[in-house]
Amino acid sequence: MTSALAAAVERPADRERVRYDCEYLVVGTGAGGSVAGARLAEAGRDVIFLEEGAYHPTGSFVPEVGTMTARLYRNRGVIPILGRPTLAFGEACCVGGGTVINGGLIWRTPPWVLEQWRAQAGLVGYGPEQLARQFETVERDLHVVTTQLEADANRDSARLHAAAGELGWKSVLVPRAVKGCINENCCPTGCIAGAKQSSVQTYLPRAAARGARILTGCRAVRIVHSGGVASRVVAEVGDGPTRRRVEIRCERLVLAAGAVQTPHLLRRSRLSKRAGRSLQFHMNLKIVALFDEPLDAARGTIFTTQVQEFEREGLVMAASNLRPHYLALTLAHQPNATIDRVLGDFRRAGGFVALLQAASRARIESRLGDQPLLHYRLARGDAAAIVRALERLGRLLFRAGAVELYLPVAGSPAVRSQPELDGLLAAARPGRFEIQTVHVMASCPMGSDPARSLVSPAGRLWEARNVFVSDASMLPSNIGESPQGTIMAFAHEIWDRHLAEAPQ
Amino acid sequence: MLWRSTLSGLALAHIETLDSFATAASREAVRAEVVAYVIGAVEGLPPYYRVPVAGFAAWIGLLCLVTRGRSLADLAPATRQRQVALLRRLPFFALLEKLVRSSALIRYFDLVPGPAGASGTRPR
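As given, the protein sequences belong to chains C and H, one line each in that order. So the first sequence is numbered by my numbering: it starts at 1348 and just counts up by one. So the second sequence is numbered by my numbering: it starts at 228 and just counts up by one.
Hints should not be assumed to be uniformly reliable.
To be verified - If you want the footprint, here are the derived chain H segments under chain C, 3+ residues with CB under 8 Å:
| no. | region |
| --- | --- |
| 1 | 254 to 268 |
| 2 | 284 to 291 |
| 3 | 330 to 338 |
What the hints assert, rightly or not - Cut-off 20 Å, straight-line C-alpha distance, at most; resulting in silico cross-link-like pairs (EDC-like, lysine to aspartate or glutamate):
| no. | chain 1 | residue 1 | chain 2 | residue 2 |
| --- | --- | --- | --- | --- |
| 4 | C | LYS1620 | C | ASP1717 |
| 5 | C | LYS1526 | C | GLU1483 |
| 6 | C | LYS1526 | C | ASP1488 |
| 7 | C | LYS1620 | C | GLU1810 |
| 8 | H | LYS325 | C | GLU1438 |
| 9 | H | LYS325 | C | ASP1687 |
Said to hold, decoys possible - Derived list of chain H stretches under chain C, where covered just means 3 residues or more per stretch with a C-beta under 8 Å from a C-beta of chain C:
| no. | region |
| --- | --- |
| 10 | 272 to 281 |
| 11 | 313 to 326 |
Because the hints were derived from the structure by calculation, they are not lab data. Note that CB positions come from ideal geometry on N, CA and C, so glycine has one too.
Based on the provided sequences and hints, a complete structural model is requested.
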């Protein structure tokens, strides 16, 4: 099937052609776009995908983090969300989008989140029972399996799991889209074993097998529209002096470029002034821990278990990937002597993350050119939530046998006991926190009220008749979990409804 | 250009004090690769970041030329470390340093073998 994908890929930069035509143009090939394109192509529709990044077959993946970051991420993974503290945001830019660089976690949306969306956004037909069928489809399509604890790998996760049990905290084995994971530990920079079932392995080959074309290296810069109807997308190909424009005419437009690029395109095209005004996100707070004995945490994979005791408060905790690169990046706010010291004890080291559902909102500015500028203001409650999250993760790690913790607080010393941890956190100023994010969403929220939402429950942009949104933008809020499962289930639901209403 | 030279110097300042750099087999190649990666990261930034970053780096480079008589990249390692310590007093330097340091470290560990068992990948 992946050979069908390779055959469907076309780089307009290598051709003279300046105009394409299709029935459905899907901008973006990540979680939402790939489902949209596959469903439409399999229903016999003429589909073109437009993708800014390049196509990298799994066979071309290498273990080098820097090399792969340059290939698969926008701006080599360097996108700041300005604020105090400034957040480091990582966004994919490749065929397959975020599904290529994430951990492959496929969670069903928590029922209380769906209930909140029903009550606050008026989302009818998106309850747990209605979506169950869509989740089953996603889980089957992506070969989702529940991870198992192994004796010789992921011992950091096993330690965390056991410690949670001792504290009486809920901890679960996670559902992942993998087939034959062999613990290569490369999830965020492309699975070199090809075990992770990204869209490159699943939905995109399916779409390609049914005739969908994928234009790569092709950045959408403007939607041409009139009277609430989009007629074509203008895109740029090539760089520098070879840069030129191509046009893709379409009957219907599906925006699936992610929660930052989709609203940016809408704003630049003057199709929606409200898009991107309130981008929601999760905060990744990372702690490096040294344990009382070797764990060999590098033998493993991202996320095997997850501590969910505080999930309703918007906090989950897990072990994360461990490689020297990630360790050094997490400790980048420390002097090199600390990095050397922890690397010297590498077999005893582990990297852990608290994923926090932030109350802060970011804003996307689109008047500065090709790339959007992101900024936010730390919500009053988030500073306290960060401290609480770090305290809980620290407590869990000490229980798990950690003897030394390095917190994401600039200039902070190692802490070796609970009182030291409490003291450090009590004195920490919010501007000193080191925070990353990889989950952004809800920048074009779905809802039943056109005055308070941008996208209808059918996935259509309220402000245009033939423009749909099928990515993380459409989620009504952040969800406190990896969003891929939710995005894909919502996309299936949208395209089920659409295909039922608009049979060929 | 002065801004590139300053970024090179800053990138070097962040790798040359790592223990593994002292024993790295091909230090010149590592230096060149890390510097190219860092400069590539800055060049890939949108103009509203790239221009101020390059301008700030050029200004720092000028400061270095005036006070030390050489660019940051051409200073001896120990002098470079002292100069960077002084530069940390400047407003906005922390943001520039964070950008350079994260890019430098991520590429550095591609090139220099980590501790035994550190790659996390099994022999194939």
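Structure-based check of all given hints:
{"no.": "1", "hint": "254 to 268", "verdict": "holds (count 3)"}
{"no.": "2", "hint": "284 to 291", "verdict": "violated (count 0)"}
{"no.": "3", "hint": "330 to 338", "verdict": "holds (count 7)"}
{"no.": "4", "hint": "C:LYS1620 with C:ASP1717", "verdict": "17 Å, holds"}
{"no.": "5", "hint": "C:LYS1526 with C:GLU1483", "verdict": "17 Å, holds"}
{"no.": "6", "hint": "C:LYS1526 with C:ASP1488", "verdict": "11 Å, holds"}
{"no.": "7", "hint": "C:LYS1620 with C:GLU1810", "verdict": "10 Å, holds"}
{"no.": "8", "hint": "H:LYS325 with C:GLU1438", "verdict": "18 Å, holds"}
{"no.": "9", "hint": "H:LYS325 with C:ASP1687", "verdict": "18 Å, holds"}
{"no.": "10", "hint": "272 to 281", "verdict": "holds (count 5)"}
{"no.": "11", "hint": "313 to 326", "verdict": "holds (count 3)"}
The earlier numbered hint that this structure contradicts is number 2, and it is the only one.
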